[in-house]
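Peer 1: Put chain B with the ligands on the given structure of chain A with help from the hints.
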Amino acid sequence: MSARDGGRERYVPVFTADSARRKELDDVLSRYPTKMAALLPALWMIQHEHGWVSEDGMAEVAQVLELTPAYVKGVVTFYTMYHQHPVGTHFIQVCTTSPCNVCGAEAVVDAFLKHTGCQELGQTSPDGKYTVIEVECLGACGFATPIMINEDFIESVTPETVPDVLAGLK
Amino acid sequence: MGYPHRPHERETTVLSKHFGEKEATTLDGWKKRGGYTALQKALGMAPGDIVTIVKDSGLRGRGGAGFPTGIKWSFMKPGDGKPHYLCCNADESEPGTFKDREIMRWTPHALIEGCAIGSYAIGAETCYIYIRGEFTECIKAVEAGLKEAYAAGILGKNAMGTGKTVNIYVHRGAGAYICGEETAMMNSIEGRRGNPRIKPPFPAVSGVFAQPTTINNVETLAAVPHIINNGADWYKQWMRPDNPKSIGTKLYSVCGNIQKPGNYEVPMGFPFKDFLYDLCGGPLPGRKFKAIIPGGISVPIQTVDEAEASLMDYEGFVAQGTMLGSGGVIVIDDAQNLVKQIARAARFFAHESCAQCTQCREGTAWTTKILERIVAGDGTHEDLDTLLEIAENMTGKTICVLSDSCATPVVSGIKKFRGDFEALIKKKKHFPVPAVA
Ligand SMILES: Cc1cc2nc3c(=O)[nH]c(=O)nc-3n(C[C@H](O)[C@H](O)[C@H](O)COP(=O)(O)O)c2cc1C
Ligand code: SF4
Ligand code: FES
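Line order of the protein sequences matches chains A and B.
The first sequence runs contiguously to residue 169 in numbering that gives the first Met the number 0.
The second sequence runs contiguously to residue 436 in numbering that gives the first Met the number 0.
Hints are not guaranteed to be accurate.
[What the hints assert, rightly or not] Among chain B residues calculated to face chain A with C-beta under 8 Å, some are:
| hint | residue |
| --- | --- |
| 1 | Glu-91 |
| 2 | Ser-187 |
| 3 | Ala-231 |
| 4 | Asp-232 |
| 5 | Trp-233 |
[Said to hold, decoys possible] Label pairs and their calculated CB-CB ranges:
| hint | chain 1 | residue 1 | chain 2 | residue 2 | range |
| --- | --- | --- | --- | --- | --- |
| 6 | A | Thr-67 | B | Phe-74 | 33 to 41 Å |
| 7 | A | Glu-105 | B | Ala-143 | 30 to 38 Å |
| 8 | B | Gln-258 | A | Lys-34 | 29 to 37 Å |
| 9 | B | Pro-199 | A | Ser-29 | 25 to 33 Å |
| 10 | A | Glu-105 | B | Asp-333 | 16 to 24 Å |
| 11 | B | Ala-422 | A | Pro-68 | 50 to 58 Å |
| 12 | B | Ala-422 | A | Thr-67 | 48 to 56 Å |
| 13 | A | Ser-29 | B | Ala-143 | 16 to 24 Å |
| 14 | A | Lys-169 | B | Gly-47 | 53 to 61 Å |
The hints are simulated quantities; they were obtained by calculation from the structure and are not laboratory data.
Every value quoted in this text rests on a predicted model; they were computed, and no experiment measured them.
Each residue gets a CB set at the ideal place from its N, CA and C atoms; glycine is no exception.
Just chain A, with the same shape it has in the complex:
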């Protein structure tokens, strides 16, 4: 993972010839009549490899799909799930939209901030392990409060269960 600026590490391309990701992308391309349609899937692949979508990542996708980097950036910034900065090893999203809010979601957010050592929403903890954000409805409102940690859902989290949830992370 490269730092955002200063001391840049060399970017490792994802779609090199004969790589598994290149094959995956070719398969995706066969599903659509245009190359551009593979943009969201390609950005997911970048994020899975690098943990976030850097300018270099956007440039690589742009080149592979014959788009301009500016166009790719315009799309990346529209969607909330592409990380435009490196995030903690455990990226924790807590739903606080009204249905979860009436069930006490804000207290769950506070518990996560307290137990992870994150100073503020969106900031990564000093040990680099956690980033906590509030998120809009996760589509699991009957299981308040649902949270997502990286790609996994955890349902019915309460302030009391937060320490256990954190202890269960590798």
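Peer 2: Only chain B with the ligands this time, still in chain A's reference frame:
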């Protein structure tokens, strides 16, 4: 419903019959439960005959707007020489709604079969299932189901040995409520920002990749195999005798301050009072219901009296000042600050506005600011007039209805619960201190 509770005896489980059964997620398990017989039957029919059955069944869209599905399909003209597309709307992001998630994670093959029948009926060889990016479990389940279906020859160039082509792919979203709006979704599939498009042209004329396209919700498509197998008349057993406009069973997601949140399937016309108190167990101990939002956060808020008088179908909810919407029932009790929750809803819309239209971009932001100010104790009586005026300017004037949706809880909230707003305004915790330069 099967998950997370056992089905209540008063439920009618058609779509939810196999929720919670691990085996039903696999192709073998699904076939044992009668899976893919409807597709086999449909592929042997003329596409127009399938459309006629769906039209006759009275099935209406379960994604929010309630448009008759068969009529929507009849706008497509198979054989016009153009590629057609079916897009399945699995973006499920309307706060309060989590039914499509259960369909996908427990019965992925039900959706795949519905998508395949729908594709064939509208002359589409390709269907994209647009699943919101957060639904990783659903994506895995549906992708695993697709893999099995391709391997078994159910999908592909020679679907079920009939020589017909049906391809279905998952397209993963990346976090944007607005991509549930059908034209925004088409842009998102094309690899663009998810901005809704101006209509016309309508999707059936120029949709995804500028080709004729139909968009249907997960629950709508999952109902289709049952209708094909059992016929239109069978589906009509579920309706109020005095209301033939709403037919079939409907899944409701229930959340908020209630004893038994979860998904419940009931026939059209079911009494909402029985639903809330009997099936869902009523309010939490020592509390009372205060307000109900029955169709996802975009529909008008109901008072408890209105809710208790509602019959659960498209017309029944309209008669009681709201809409069936997505079927996401949000229950708010007397321990909550209702204005705070309306402010939180406005913040949701401000966050999700795609910002193309001035009324929506500015309106959602201003509405949120004013409401949050009222909640903080700095509101004035003029604020309520300002909110209503902004709401007026946000309604019916934009490219899509997200803007209207933000105005809805505000207008219905002020109309039906004005006292709650006024109490906060009177209670002023402190007076705003003018900034000193
Ligand atoms: C802002 C907005 C968000 C929407 N979100 C969804 C959604 O998450 N899922 C859905 O099925 N329909 C959603 N819709 C409705 C779709 O635009 C469309 O009407 C529906 O998917 C059509 O399918 P149906 O006829 O089967 O209901 C949304 C509409 C708007 C305006
Ligand atoms: S109403 Fe709002 S969300 Fe809809 S197109 Fe306009 S700005 Fe975008
Ligand atoms: S409001 Fe929290 S998951 Fe829907």
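Peer 1: Now tell me if each hint is right for this structure.
Peer 2: So, going through the hints one by one against the coordinates:
Of the supplied interface hints, the one on Glu-91(B) holds, with its beta-carbon coming within about 5 Å of a beta-carbon of chain A, less than 8 Å. Interface hint at Ser-187(B): satisfied, since its Cβ lies 7 Å from the closest Cβ of chain A, which is below the 8 Å cut-off. Against a cut-off of 8 Å between C-beta atoms, the interface hint on Ala-231(B) is violated, since the closest Cβ of chain A lies about 31 Å away. Against a cut-off of 8 Å between C-beta atoms, the interface hint on Asp-232(B) is violated, since the closest Cβ of chain A lies about 33 Å away.
A distance limit of 8 Å between C-beta atoms decides the matter here; for Trp-233(B) the minimum to chain A is near 30 Å, and the interface restraint is violated. Evaluation of the 33 to 41 Å hint for Thr-67(A) and Phe-74(B) yields a pass: the beta carbon distance comes to about 36 Å. Taking 30 to 38 Å as the suggested C-beta distance range, the pair Glu-105(A) and Ala-143(B) conforms, at roughly 36 Å. Restraint check, Gln-258(B) to Lys-34(A): a C-beta distance of roughly 52 Å breaks the suggested window 29 to 37 Å.
Between Pro-199(B) and Ser-29(A) the beta carbons are some 32 Å apart, a value that agrees with the proposed interval 25 to 33 Å. With their beta carbons about 19 Å apart, Glu-105(A) and Asp-333(B) fall inside the hinted range of 16 to 24 Å. Distance hint check for Ala-422(B) and Pro-68(A): the Cβ-Cβ separation is about 53 Å, which falls inside the suggested range of 50 to 58 Å. For the pair Ala-422(B) and Thr-67(A), the beta carbons lie near 54 Å from each other, so the given range of 48 to 56 Å is met.
Between Ser-29(A) and Ala-143(B) the CB atoms are about 20 Å apart, so this pair conforms to the stated range of 16 to 24 Å. Checking the proposed 53 to 61 Å range against Lys-169(A) and Gly-47(B) shows it holds: the Cβ atoms sit about 55 Å from each other.
When held up to the earlier numbered hints, the structure conflicts with 3, 4, 5, 8 and fits the remainder.
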